[in-house]
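Engineer: Input sequences plus hints: build the corresponding full structure.
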Amino acid sequence: MRGTEVPRGSFVLGVQLKAVDGEAILSLCVDSGLSDTSPDEGLIEDLTIEDKAVEQLAEGLLSHYLPDLQRSKQALQELTQNQVVLLDTLEQEISKFKECHSMLDINALFAEAKHYHAKLVNIRKEMLMLHEKTSKLKKRALKLQQKRQKEELEREQQREKEFEREKQLTARPAKRM
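For the sequence shown, counting from 1, position 2 maps to 2 in the UniProt record's numbering; every step adds exactly one.
Treat the hints as calculated values from the structure; they're not laboratory data.
Mixed in with the good hints there might be a few duds.
Taking lysine-lysine pairs in the DSS-like style, the calculated list, with each CA pair at most 25 Å apart, reads [claimed, not checked]:
| # | residue 1 | residue 2 |
| --- | --- | --- |
| 1 | Lys138 | Lys125 |
| 2 | Lys136 | Lys125 |
| 3 | Lys133 | Lys143 |
| 4 | Lys139 | Lys150 |
| 5 | Lys119 | Lys96 |
| 6 | Lys147 | Lys133 |
| 7 | Lys150 | Lys161 |
| 8 | Lys125 | Lys114 |
| 9 | Lys136 | Lys147 |
| 10 | Lys150 | Lys138 |
| 11 | Lys147 | Lys161 |
| 12 | Lys139 | Lys125 |
| 13 | Lys136 | Lys150 |
With beta-carbon atoms standing in for the labels, derived distance ranges [as the list claims (entries may be wrong)]:
| # | residue 1 | residue 2 | range |
| --- | --- | --- | --- |
| 14 | Leu169 | Lys143 | 35 to 41 Å |
| 15 | Glu166 | Met129 | 52 to 58 Å |
| 16 | Lys138 | Glu160 | 54 to 60 Å |
| 17 | Phe97 | Glu55 | 57 to 63 Å |
Note that beta-carbon positions come from the ideal geometry of N, C-alpha and C, so glycine has one too.
Structural biologist: This is how it looks when you write it as structure tokens:
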């Protein structure tokens with residue numbers, strides 16, 4: 001342990017457990033405090049420790065931490081699965097929302113089409129009504145024209161009659177023979 005002084009006659013044991021690809025790697029370091037080196041250089045000495053002791057220490061550490069790590073790993077896997085399910089559900093909801101939004105657009109288009117259809121129906125009615133009115137006006141104009149022509153013809157005939165009558169009433173000089 002760097003920078004720490006160990007009281008004389010005691011040992012400091014440093015243990016580091018790493019999990020790499022499912023295997024546990026145990027690192028041990030022992031500090032006896034018997035060295036005269038400066039604290040900045042570190043007080044760690046290599047000691048030979050029996051394999052059995054290392055194995056027991058490793059088993060103890062593994063038995064202590066491994067169940068928690070396995071539970072944590074399982075909990076993380078469950079969380080990841082739940083997160084995937086939530087993401088799928090969210091994507092489905094987003095697609096439903098987009099579909100609803102497009103349905104609103106379609107509904108607006110149908111409402112607009114209905115509005116313009118009603119306008120076209122009204123224009124058609126007005127055109128039919130105007131056609132009927134123009135037909136009636138044409139008939140009336142034709143009747144009026146015929147009536148005027150008839151009246152004019154009658155006036156002309158009346159004038160001719162008056163002219164003939166005046167001619168007959170006009171004194172004529174007697175024919176002398």
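Engineer: Quickly compare the C-alpha distance for Lys125 and Lys114 to 25 Å and report which way the hint goes.
Structural biologist: 16 Å, holds
Engineer: What's the verdict on Lys136 and Lys150, does the C-alpha distance respect the 25 Å limit or exceed it?
Structural biologist: 21 Å, holds
Engineer: So if I understand the rule, the pair passes when the alpha-carbon distance is 25 Å or less; does Lys136 with Lys147 pass?
Structural biologist: 16 Å, holds
Engineer: Within a Cα-Cα threshold of 25 Å, do Lys150 and Lys161 meet the stated pairing?
Structural biologist: It holds: about 16 Å lies between the C-alpha atoms, which stays within 25 Å.
Engineer: Hinted pair, alpha-carbon criterion (25 Å max): Lys119, Lys96. Please report holds or violated.
Structural biologist: 34 Å, violated
Engineer: Lying within 35 to 41 Å: is that true of the beta-carbon distance Leu169 to Lys143?
Structural biologist: Hint holds: Cβ distance 38 Å, inside 35 to 41 Å.
Engineer: Is the hinted range of 57 to 63 Å satisfied by the C-beta distance from Phe97 to Glu55?
Structural biologist: Given about 60 Å between the Cβ atoms, the range holds.
Engineer: Regarding the pair Lys139 and Lys125, is the alpha-carbon distance no greater than 25 Å?
Structural biologist: Holds, because 21 Å separates the two Cα atoms, which is no more than 25 Å.
Engineer: Given the hinted pair Lys147 and Lys161, is their Cα-Cα distance within 25 Å?
Structural biologist: Status holds; Cα separation ~21 Å.
Engineer: Hint check: Lys139 vs Lys150, CA-CA at most 25 Å. Holds or violated?
Structural biologist: 16 Å, holds
Engineer: Has the given pair, Lys150 with Lys138, been kept, meaning a C-alpha gap of at most 25 Å?
Structural biologist: Given pair Lys150, Lys138 holds - Cα atoms ~18 Å apart, limit 25 Å.
Engineer: Mind checking the hinted window 52 to 58 Å against the Cβ distance between Glu166 and Met129?
Structural biologist: Given a distance of about 54 Å, which is inside 52 to 58 Å, the answer is holds.
Of the numbered hints listed earlier, those contradicted by the structure are 5, 16.
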